[in-house]
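Residue strings, one per chain:
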Amino acid sequence: MSEVVLEGRNLVRDYHVGGGLFSSGRVVHAVKNVSFKVEKGKTLAIVGESGCGKSTLARIITMIDAPTSGDLLIDGDKVDIVKDGLTPEMRRKVQIVFQNPYGSLNPRQKIGDVLGEPLLVNTAMPAAERRDRAMQMLLKVGLGPEHFSRYPHMFSGGQRQRIAIARALMLNPRLLVLDEPVSALDLSVQAQVLNLLADLQDEFDLTYVFISHDLSVVRYIADDVMVMYFGEAVEYGSRERVFSDPRHDYTKTLFAATPRADVESIKARLARRAA
Amino acid sequence: MHLLEIENLVVEFETAAGPFRAVDGVSLHVDEGEVLAIVGESGSGKSVSMLAVMGLLPWTAKVSADAMRFAGRDLLSLTASQRRKIIGKDIAMIFQEPVASLNPCFTVGFQIEEVLRVHMGLDGKARRARAIELLNDVGIPDPEQRLGVFPHQMSGGQCQRVMIAIAIACNPKLLIADEPTTALDVTIQKQILDLLMNLQIETGMGMIMITHNMGVVAETADRVVVQYKGRKMEEADVLSLFEAPKHNYTKALLAALPDRATGDRLPTISSIFNEDVDGGAPA
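First to last, the protein sequences are chains Z and Y. Read in the numbering used here, the first sequence has 171 at position 171, and its numbers run on one by one without any break. Read in the numbering used here, the second sequence has 283 at position 283, and its numbers run on one by one without any break.
Treat the hints as calculated values from the structure; they're not laboratory data. Predicted, not measured: the structure shown is a model, and the values here were computed from it. Among these hints, one or two may not hold up.
[Unchecked claim] Computed cross-link-like contacts, BS3-like style, restricted to lysine-lysine with a CA-CA straight-line distance of at most 30 Å: (1) Z/78 with Z/42; (2) Z/37 with Z/83; (3) Y/229 with Z/110; (4) Z/267 with Y/190; (5) Z/93 with Z/110; (6) Y/85 with Y/62; (7) Y/229 with Y/62; (8) Y/246 with Y/190; (9) Y/246 with Z/267; (10) Y/89 with Y/190; (11) Z/83 with Z/93; (12) Y/229 with Z/140; (13) Y/190 with Z/32; (14) Z/42 with Z/93; (15) Z/140 with Z/40; (16) Z/83 with Z/32; (17) Z/42 with Z/252; (18) Y/173 with Y/229; (19) Z/252 with Y/190; (20) Y/125 with Y/173; (21) Y/229 with Y/190; (22) Z/83 with Z/40; (23) Y/173 with Z/267; (24) Z/252 with Z/37; (25) Y/251 with Z/140; (26) Z/37 with Z/140; (27) Z/267 with Y/251.
Using the sequences plus the hints, can you model the full thing?
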């Protein structure tokens, strides 16, 4: 068995809300007892609708939020940000790409500075080397040297998502968390970004946690699939298993709701409509 | 006679860098009881052409067409007040962001009744009764209570249902749905599409579905228009479009669908479709 980069054991995250002068507080169980394992170079897809806890889980994995209970293991080492804090070493291992490339880049920062900033914050690298690294990464994600000193508003959505991916890769992470990275993009651009992610995974042996609600994208990119529903992992297994033999009712509902674009389904629908 | 008929529509925006042509010579038509899907990526002019029909474009836009007729009436020569009598009543539109397109300051009931007051001239009691009926039709439970609720108290799917209720309030002849499910979860998307299709069959209205999602097209449309950079690339009935796309751009669009992927990498649009070679309309 190859090495396990990320493991979650019975992760739980509760949020306390409300509790003003006249009302008592309430506890929201955002993530309930979720366990998973991702091997090096593999992709785990987390599927679910809004409010199912998938982004909370992403926050736990990226060490932004601490779990209420349960263990998070990265490279086999237990991570406890409440007790031990967060070192630049740990920060380096896990990086995240957000959904909306229009919101996740600072409009007043040039692209070169966007890419150099992770190095500035986390390492003691001299400025000239930071610039070189940023330029290399820019070329790696399919942009040109002329883009180095432009501002985010001068790029299209797909190019911006490339920049966000480049920024996440600046620290050579082991694990990349992708929070709906293609849902804001057009179909053609989506294909390009998915190809880029596949290329980068091959080149750097990256491990991905891919959060999405689009089952067709998940089927294309994932090795393992976890379906979440109201904070619980209702289905977890290899892609082949989940797609060929969904066991939980919610997974079946999800498959039934996904629009089908094959010719047979269209014929069936037109026949129903004519009737 | 077609319900809506557009010939050679051109929409230009005045920009600092000179005029920008968002829609470039698009012709299309919809019949009663028919669902037409307009597909394209962002910037293909699919929303702008329908906003031109509705007369909702800002003053910076210059609209011209050889013909733009709705149910025999020329939309180009209408005055603003004549147009207001048609839009919202005979032509209704549903927008992409349900939560943003409802007014947060008024109750859902007020916003549904507003349409009925303006277009149908119903009195208070009749308006309320019709609003309850409409909420019932779009599948909102407990409609009497829900009339008094504000948009922020409802979920995105329910807000979209309210938008649909407003759109169908005056029994429109043509319903334009501009990406009605893009902001919604797949399970909710399914419910909303089912609702729209059922309403369309019940009332026999014409419908234009603007979308970038080929799955939605496959699930709803009778006929499809594919647009790219303001121009019409292909027009076909839904089955022949998916079975045997004629234009290279449509082929590329279908090949980029992840569920049709066969190899290790997805084919990108540019690997199949060359704008300089295929840029014009199909021969």
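query: Which numbered conditions among the earlier hints are violated in the structure presented, ordered from lowest to highest?
result: Every hint satisfied by this model.
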